[in-house]
Amino acid sequence: MTDIAILGDETTPLLEFRNVEKRFGGSIVAVKDLNLKIGRGDFVAIMGPSGCGKTTTLRMLAGLEEPTSGTLLYNGLPVNDLPAWKRQMPLVWQSYALFPFMSVLDNVAFGMRSRKMPKAERNKRAQAWLDRLGIGEMAARSPSTLSGGQAQRVALARALVLEPEVLLLDEPLSALDAHMVVRMQSELAELQRSLGITFIYVTHNQSEAFAMANRVVIMNEGELQQVGHPMDVYRAPRTRFVAEFVGANNIVDGEIVKVGEAAYVVDTPIGKLTSSNPSGLEAQTGQRVHLVVSADMVHVGADHSDESANLIDARLVGESFVGNVVTLVFETNGNYELKVQLQQRALSDLDLNINDTATLAFGHDDALLIPSS
Amino acid sequence: MGLFLLRSYVVLIFLFIFAPILVSFVFSFSENRFPSLPLTEYSLVWYQRVLDEPAFLDSFKRSLTVAGWTSVLSTCLGFGGAYVDYRYRFLGQKVYVALGIVPPMIPVLILGVAMLIFLSRIGLSGAQHSVVIAHVVLCTPFSMAINRLKLSQMDQNLEAAAWNLGATPWATMRTVILPFCLPAILASFFITAAISLDEFAIAWFVSGLEETLPVRVLNLVARQSSPSVNAIGSFTFTMSLTLIILAQLVLIVSQRRSGRNE
Amino acid sequence: MVVMTFWTVRNFQLAPDFSFSNWVTILSADYVWDAYARSFLGAGLASVLVTLLAFPCAYYLGLKASPRVRLIGACLIMAPFFTSFLVRAYTWRTMLGDQGVINAILGWFGFEPVQMINNLFGSIIGYLTLVMPLVLLLQLFSLSAIDRRLIEAAHNLGCGPYWAILRVVVPAAKTGIILAAAFSFVLAFGDLISPQVLGGSNPPTLSILIVDQVRGGLQWPRAAVIAVVMVLTLITVVTAAMVMTYGGNRRQSIRGKS
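Residue numbers (the working numbering), protein chains in the order written: chain A, 103 to 475; chain B, 606 to 867; chain C, 23 to 280.
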């Protein structure tokens, strides 16, 4: 993707990557030709599987890695050569990286020490932030005596006490228990709203990103895949990778055989399917495409002969439960697997057993076309 | 720029460390009694001198004998001591471990005096075996540390698994633990040999008239300036290095073999 | 382990009449106290010097160099352990002597020969030669064990490279650095070769006194008294070092629990 994705609405973006590339050891490409603008006050989540370049991107922002080529701009000024200690972009580390030989208070006051603030003042500010995050009584402790959630807050306080314009977070919740994660998510989102500063949050976990961010950036193998509002990315993936990454999507490969007024007919291994949702694709007859249908948009047992629906007969081969959401796996006559997600209550109404055959239906506008990769 | 200065500094420190070793090596081939720059005549005269003097050869042979016995005994003791610490939980274990690290902390000179007094009290002083005893005391803690380190890398359940499969404790020791620790045992063997070969203070006190090689060298240096020292030094360095490289080779070969088995 | 048992006993058992005369003789002799001060200062100076001199080198190898260079460096540092220290000290003597290589080079540039052996300088060179590899190795271990992210975190919080060394690297490697310094003190304090071969043995250090007592006068009990004094000194120094390393941490964690 080479088009410049614009986030935020100011004329000069807070941060901008211009054709940034990062190679390690000459041959390993961590980040490929990245163009990205980040606006003020955004909560940006950079997502992707491990090794996709998201952490490298964050480290380049912090000045801990230098771009191999391209320009990194901060408030419109190139900062490639600005060393990490002059960037004022504090980072909350995955491992917290608290200094084990200092008390919690000294950890939080560390950044102000480098700014030559008097001791009394910096201790006061540090204590104030510890209080604000509800761990004021931990100030004198050694970091090794803290629980994961407490250490997380200390790391946050240490960064936020510097009153930065941008806060960088590198998978900060990955080491916490499930219930702590949910709590910290809402706290972080709340904090970002009340401070009004930019959060740049790296994660491999899409539920974390979708819960907090108002902009998501999806990367794979060093390449930017898609940028946008979480719901837009979820509902309208632009590449096959994003479709697979963001949700339980059925992806069928095919070839466009007919371009109609508002609909396209795609020849696929499971029959001719109609889509009225090309999502910006300039589709032409003969073009190879992926047809994407979200699993929760497929209906089971529909006997309606609706004009605007695709109908497929398939046999139920498996089911799995997560909470009260059921994922059913169907097999079509072409040995193609289709996933259907529905509420558990809806399943019991269906009275469907393994090896039963049913008709699956999905609307023409729920069938999304994306270019074949 | 800063990094360049730092690199140069590192080179300087390494020069300081290696200057005496390299210079000694070079001087051992110089014919002059007081070598100075530039070196003019090269010869093996000092090596010849060393080989011609029976006292050197005797002390060398004695050193080898002492080193051989020391390495075998202290490796056995060290492995046993480490295994006891690994296998059993007992009262005073911390004291036991602390005692194990005390001898290397005490200057060898004082250890020498202590050994001399102790051995003479029990009537064992002044002979070759007393040097061996003293060196074993010095070397055992090193051997124990090496073996303990290796044992702590062993899966705690390995031994229990062997028993569970019907191996007697002795068979387990022979077929499971000893093979696992073999690299450590060999390393300990060579390192204790190297320590013993180089150690003179204890040997000097304890040995009486039967000098080991380092003692012989000390006496030589104390009396006069003699480039024979360079020849001996280069020779023993080469030998120690050979021992260490042998140990490394054994380690590598054993790793290869275990790698193949996996 | 057996060794411990005859530390304390031997003085008294060797002289069956159980007298303190050895203690009195030794402890009242001025020359012994002079030697004590000389040994202590020499060893102290050596351990401070070696700590300062080795640190930049260990810092480079442990944190700046590539893993390959670090490995090669560590192997090279270990090489001196397999050479005779005696021979190395002797070589320094030939190099630093009045007709030695160093003075020869100085001579080319028109300098007068500088006396570099048979004085404190010589002894210190000897001590440094003795302890440098060990201190380098211990410092290297503790520096390369530092979590790099801590240093990056310091940079990220606005701390430049030099302050980061002082505020993060040194505190994080404190245990190793102090341990290495304590070890070097122990080694230098008990070393016989440096003062003998390079320091000129006169005025003597405690280690030389011990040798004189035993070899010269066969005064084992008196040598033992000196040895006991030395061991007590070393125990004090090592304990002080331990308190310096672990005491601070313990205080912090106790404070935290209260």
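Hints may contain errors.
[To be verified] Here are the in silico distance ranges between beta carbons for each label pair:
| # | chain 1 | residue 1 | chain 2 | residue 2 | range |
| --- | --- | --- | --- | --- | --- |
| 1 | B | GLN698 | C | ALA51 | 56 to 62 Å |
| 2 | C | TRP185 | A | GLU123 | 28 to 34 Å |
| 3 | A | LYS188 | C | CYS97 | 54 to 60 Å |
| 4 | C | SER88 | B | PRO784 | 56 to 62 Å |
| 5 | A | GLY178 | C | PHE103 | 44 to 50 Å |
| 6 | A | MET219 | C | ALA51 | 54 to 60 Å |
| 7 | C | ILE257 | A | PRO185 | 26 to 32 Å |
Please keep in mind that the hints were generated in silico from the structure rather than gathered at the bench.
We put the beta carbon where it would ideally sit given N, CA and C, even for glycine.
GLN698/B and ALA51/C, beta-carbon distance inside 56 to 62 Å? 43 Å, violated
Okay, ILE257/C versus PRO185/A on CB: inside 26 to 32 Å? Between ILE257/C and PRO185/A, where Cβ atoms are some 47 Å apart, the hint is violated.
Evaluate the given range 28 to 34 Å for the C-beta pair formed by TRP185/C and GLU123/A. Once the Cβ atoms are compared, 32 Å apart, the range 28 to 34 Å for GLU123/A and TRP185/C holds.
Does the beta carbon distance between LYS188/A and CYS97/C stay inside 54 to 60 Å, or does it fall outside? 38 Å, violated
For the pair GLY178/A and PHE103/C, does the Cβ-Cβ distance stay inside 44 to 50 Å? 58 Å, violated
Indicate whether the distance between the beta carbons of SER88/C and PRO784/B respects the range 56 to 62 Å. Once the Cβ atoms are compared, 35 Å apart, the range 56 to 62 Å for PRO784/B and SER88/C is violated.
Please check whether MET219/A and ALA51/C have a Cβ separation lying inside 54 to 60 Å. 58 Å, holds
Of the numbered hints given earlier, the model fails hints 1, 3, 4, 5 and 7; all others are met.
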